[in-house]
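So the chains spell out like this:
Number of protein chains: 4
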Amino acid sequence: MNDIHDLESLKLALREFAAARDWGRYHTPKNLAMAMIVEAAELVEHFQWATPEESLAPPPEKLAAIRDEVADTLIYLVELADRLGIDLIAAARDKIAKNAIKYPAP
Amino acid sequence: MNDIHDLESLKLALREFAAARDWGRYHTPKNLAMAMIVEAAELVEHFQWATPEESLAPPPEKLAAIRDEVADTLIYLVELADRLGIDLIAAARDKIAKNAIKYPAP
Amino acid sequence: MNDIHDLESLKLALREFAAARDWGRYHTPKNLAMAMIVEAAELVEHFQWATPEESLAPPPEKLAAIRDEVADTLIYLVELADRLGIDLIAAARDKIAKNAIKYPAP
Amino acid sequence: MNDIHDLESLKLALREFAAARDWGRYHTPKNLAMAMIVEAAELVEHFQWATPEESLAPPPEKLAAIRDEVADTLIYLVELADRLGIDLIAAARDKIAKNAIKYPAP
Numbered sequence: 047m048n049d050i051h052d053l054e055s056l057k058l059a060l061r062e063f064a065a066a067r068d069w070g071r072y073h074t075p076k077n078l079a080m081a082m083i084v085e086a087a088e089l090v091e092h093f094q095w096a097t098p099e100e101s102l103a104p105p106p107e108k109l110a111a112i113r114d115e116v117a118d119t120l121i122y123l124v125e126l127a128d129r130l131g132i133d134l135i136a137a138a139r140d141k142i143a144k145n146a147i148k149y150p151a152p
Numbered sequence: 047m048n049d050i051h052d053l054e055s056l057k058l059a060l061r062e063f064a065a066a067r068d069w070g071r072y073h074t075p076k077n078l079a080m081a082m083i084v085e086a087a088e089l090v091e092h093f094q095w096a097t098p099e100e101s102l103a104p105p106p107e108k109l110a111a112i113r114d115e116v117a118d119t120l121i122y123l124v125e126l127a128d129r130l131g132i133d134l135i136a137a138a139r140d141k142i143a144k145n146a147i148k149y150p151a152p
Numbered sequence: 047m048n049d050i051h052d053l054e055s056l057k058l059a060l061r062e063f064a065a066a067r068d069w070g071r072y073h074t075p076k077n078l079a080m081a082m083i084v085e086a087a088e089l090v091e092h093f094q095w096a097t098p099e100e101s102l103a104p105p106p107e108k109l110a111a112i113r114d115e116v117a118d119t120l121i122y123l124v125e126l127a128d129r130l131g132i133d134l135i136a137a138a139r140d141k142i143a144k145n146a147i148k149y150p151a152p
Numbered sequence: 047m048n049d050i051h052d053l054e055s056l057k058l059a060l061r062e063f064a065a066a067r068d069w070g071r072y073h074t075p076k077n078l079a080m081a082m083i084v085e086a087a088e089l090v091e092h093f094q095w096a097t098p099e100e101s102l103a104p105p106p107e108k109l110a111a112i113r114d115e116v117a118d119t120l121i122y123l124v125e126l127a128d129r130l131g132i133d134l135i136a137a138a139r140d141k142i143a144k145n146a147i148k149y150p151a152p
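Protein chains in written order, with the numbering used here: chain L, 47 to 152; chain B, 47 to 152; chain Y, 47 to 152; chain X, 47 to 152.
Hints listed in this document are in silico derivations from the structure and should not be mistaken for laboratory results.
Owing to the predicted nature of the structure, the values given are computational and were not obtained by experimental measurement.
There may be inaccurate statements among the hints.
It does not matter which identical chain is used: a pair holds within one copy or between any two.
[Stated by the list, open to error] No more than 16 Å apart at the CA atoms, straight line, and that leaves these computed lysine to aspartate or glutamate pairs for EDC-like:
{"no.": "1", "residue 1": "Lys141", "residue 2": "Asp49"}
{"no.": "2", "residue 1": "Lys108", "residue 2": "Glu88"}
{"no.": "3", "residue 1": "Lys141", "residue 2": "Asp52"}
Take these sequences, add in the hints, and give me the full structure.
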């Protein structure tokens, strides 16, 4: 997996990973969206009793766990976008342009 | 925003966007994790009554809405990772390596 | 709906409501769990940028919206439990007994 | 905890449980909403790879785990409503009345 260096190579590695395990039939957008929100919730769990300030500086062990949940969320998001033919970066670019109109800078 | 072409430039654009609106004090990891799961749920909402098969081919209008929610989820994920100094691609690479051990290919 | 005065009568009213609209085929536990988390996220959304202190005293308009989201979450939770034959109160009672062992009072 | 037989007695038991452990300061609506969505996600997790049909008949062990997650979600929902002075049954009754107008029966 040393060749994962951007979203595109991540996408290709995830395709290969799922294909090798015959997971394609489970990976519908419906199921991937569920899997993604489960990972997002595991991330939320790390912060649920923390004050907003505490959440800025998690201890090393907690940070390592958070890093794993962040990765899991990204992985399912990339797989979901891939199944629907969505270019993540282009989608984010377009959304930021919309947000710039919705929330003009002062 | 034409200069957004990868996760790194997306991160920098989001930093600038938040700074211009003085949103920094709201953007604690606790709050960003909440915002992210809210967007993830808006994505889930598009699939809640669909069959897994239907979720593979949403009509154009729905797909455009899904693309926006996917973008919002990515945006908050990038901001959250940035606040905690997490490199998203490196985190995903490490997680896939762990998953390869946990779920060996047949 | 004046006869809704506890979880049991709420369950029966929801059964009738879904049957009258022929929603039974959509109301699988998988779909109801998705619908429930979507409502839970709409609740989370009301608190995402609030400080913990602010969240204790939402202004009246916001409180009314929160009340609706709380209701939606409960509605899907009751329907989900009903589809699986789970008695909500008995389940909560058993879980609190487990928690009392896991987190003994000082 | 044998005296838990409805939402009202559940609410009182949860108040006592939290007070005995001095958890009040953690139990802001913001934090309780986070805790609730985390439990809702643990419920979603049980169904993420299941077909809608499979989700209707989970094996006994899985059903027992689901029952625990359903209980946890209810517990946090009751605590959240309690902190905000929301009567869960009245809120559900009002929401169903609204839904009856929004989705008239054929």
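Hints, verified against the model:
Taking CA atoms no more than 16 Å apart as the test, Lys141 paired with Asp49 passes between copies only; the shortest distance there is 14 Å, against 29 Å inside one copy. Only within a single protomer do Lys108 and Glu88 lie at most 16 Å apart by alpha-carbon distance; the minimum there is 12 Å, versus 20 Å between protomers. In this assembly of identical chains, Lys141 and Asp52 lie within 16 Å of each other by CA distance solely across copies; the values are 15 Å between and 20 Å within a copy.
Hint compliance for this structure: no hint is broken.
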